[in-house]
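*Asks:* Spelled out from the first residue to the last, the chains are:
Protein chains: 2
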Amino acid sequence: MNYFSSNFKLGILGGGQLGKMLLYETRKWDIYTKVLDNSEEAPCKISCDEFVLGSLLDFDTVYNFGSNVDVLTIEIENINVDALEKLEEEGVKVFPQPRALRIIQNKATQKLFYTDSDIPTSPFTRFVYTSEINDSINNGGLKLPFVWKCAQFGYDGQGVKVVRKSDDLNGLPNVECIAEEMINFKNELAVIVARSSAGEIKTYPVVEMEFHPEANQVEYVICPARIEDKIAQKAQKIALKVAQQINLVGLLAVELFQTQDDKILVNEVAPRPHNSGHYSIEASYTNQFEQHIRAILGLPLGNTKSKVAGIMVNLVGAEGHTGDVVYENMEAVLELEGVTPHIYGKKQTRPFRKMGHVTIVDKDMERARGVAQKVKETIKVISK
Amino acid sequence: MNYFSSNFKLGILGGGQLGKMLLYETRKWDIYTKVLDNSEEAPCKISCDEFVLGSLLDFDTVYNFGSNVDVLTIEIENINVDALEKLEEEGVKVFPQPRALRIIQNKATQKLFYTDSDIPTSPFTRFVYTSEINDSINNGGLKLPFVWKCAQFGYDGQGVKVVRKSDDLNGLPNVECIAEEMINFKNELAVIVARSSAGEIKTYPVVEMEFHPEANQVEYVICPARIEDKIAQKAQKIALKVAQQINLVGLLAVELFQTQDDKILVNEVAPRPHNSGHYSIEASYTNQFEQHIRAILGLPLGNTKSKVAGIMVNLVGAEGHTGDVVYENMEAVLELEGVTPHIYGKKQTRPFRKMGHVTIVDKDMERARGVAQKVKETIKVISK
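Chains A and B, in that order, give the protein sequences.
According to the working numbering, the residues represented by the first sequence are -2 to 381, in order.
According to the working numbering, the residues represented by the second sequence are -2 to 381, in order.
One thing to keep in mind: the hints can contain errors.
Since the list gives no way to pick one copy over another, a pair counts as held whenever it fits inside one copy or between any two copies.
Claimed, not checked - Calculated pairs, DSS-like style, for lysine-lysine (alpha carbon to alpha carbon, straight line, at most 27 Å):
| no. | residue 1 | residue 2 |
| --- | --- | --- |
| 1 | K146 | K381 |
| 2 | K234 | K371 |
| 3 | K351 | K6 |
| 4 | K199 | K371 |
| 5 | K31 | K260 |
| 6 | K199 | K6 |
| 7 | K231 | K302 |
| 8 | K373 | K302 |
| 9 | K381 | K6 |
| 10 | K183 | K158 |
| 11 | K199 | K227 |
| 12 | K344 | K90 |
| 13 | K360 | K199 |
| 14 | K238 | K260 |
| 15 | K360 | K302 |
| 16 | K146 | K238 |
| 17 | K42 | K31 |
| 18 | K199 | K381 |
Source of the hints: derived by calculation from the structure; they are not laboratory data.
Because the structure is a prediction, the values reported are computed rather than measured.
Using the sequences and the hints, build the whole thing.
*Replies:* Below you can see the structure in the form of structure tokens.
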């Protein structure tokens, strides 16, 4: 197959920042792209060859969109999978496969898949409705505290809640959900696995999420993770197993917990390029977006090793600011060595909205970590 | 000034591959762009915010295009400079400055500038018409062989010819031109200098052009050049001097000869991102395109050092092939370690047309050089 400057057409479902970064790679290789998103202001609108406005959850919209592309991929999981299945039956190559998406889209199904596949994960209970949870607490079947997660989709960041007492359940949507045992983890890690339609498989190095000591919020994604080699190897082995068992084509980002006694548990997965792999644009021989393209087109996978240490800082909207975005102190950040800001192109900021990220690279990890802290302390995403 | 996701507007004159790669950076920072090019199939057409079709050499077209942008830059030198001067007078920031473009656009003026500025360059004679050259040869004023270069523009690659005997002048256009002494150089080198509108100045490492031993054609651009440190320092010092003397804002690519007795002579310069800097996308902390944006916007300049060794191979159309392009053996090339192809997106190939390039990076230069050779031997740009 000839993909480069040819009639080949790649469809991408979703037009957000992940799609935008994917398009750097399709432009680099002159691969024709068609993007579906429900916003006229989608970051992908520029840089694709064709842009279609419409809902990713509507059967007809997704089906019609996908019916004239050669390969169809996603940059977000919340897609009408029925449409993808029909397209796949009709001969469109859909990667990740609808079958894998079904497992991942529903957190209860995902957890059951881990259990069935002998993949270590935190203990959990599935509930058809949130309202059933109180009974289970009262009869001693479920112990507090636990993490409540709605099974399907994310309800705009309201899909996860730590429940420490029964009252914390008040106000949660009454939907299919799971209650997960809280893991007192030593580290939160992630591994991106790439698997090509030709069956080739590779893992990226293990990355580490560093948390703010007080706020308990991820502050930095650090590659490579500052952990023992044997822990890193265990994490990569488990991530590989998940990707193999799920038989996925494309990228699988596997989020993991390293427990206090050095067990590795799978937290959750995403079947696409992932926030935890953004560092790869500047740090890796093959960045995750190019790797995704290689995987779904059946091209040879690229080198997943790093040229240099990489740290990623998310740029999220500051609290108390809603409106036209301003990136304050960008010049001061650009003065620091090895710093690359990425601005996603959303015109409006609001508290905690993901507006961009900054990558810091250096041959020396400690120096990179110092610069990352300065970046974090300096840049502010505010409104005019 | 707020450039990111704002109302700021950057105008780019020219929509070829250099502009296309520049747009990766404006997209990364969400800087609004407007591009002028005379081809509907310009590689820049996708990825800019506004595309205007028109001639870069027409006063009114360039003037009208530039009149509503905040900063105006170029990706090709052959521009109507009168229009740029008028725009500059009216308050548009034009970088590189029209004054510098006038010096560079005309090869005779450029050579006179070197002489006036005490910058080492090969001896030359200027002629108002090519037809005057024979007289000069006959009366002993000019010695054969020499390099004939037309002064203004390039006449589609016909702007340079080695003249070994008087007859070689037959068929050359009768235009303003120069006759340069042929330099029996040991190495052809290049240095990219970045100078910001705030006056900051930095040089990239010296790169080396490696020639095919028989065909006498540049095969590889190699960074860093495999030369002695003191030669590299001399080359950087001279390149810096050219940029300072010309007082340029933006990038200046300075092509140099290292003579058999280790003198450094300036060959010619280009006031923009340059083929000799393409390696920087994968190898440098700050690639030349991001650096160009930083320089013309007065942002702090980025680190010009390399993360790894980089080698660039141009992808040019194979002889005997004209028509719809096919990149033969791309899969075999993608199997090699550290290889990144760039496809410019020109749909039609013809012999020697620049269709793309491939970068090879590695921590080990010799290994990169080996892979580069395999790339060169494997990939073919042919027609269907």
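*Asks:* What are the numbers of the hints the structure violates, in ascending order?
*Replies:* Of the numbered hints given earlier, those the structure breaks are 1, 2, 5 and 18, listed in rising order.
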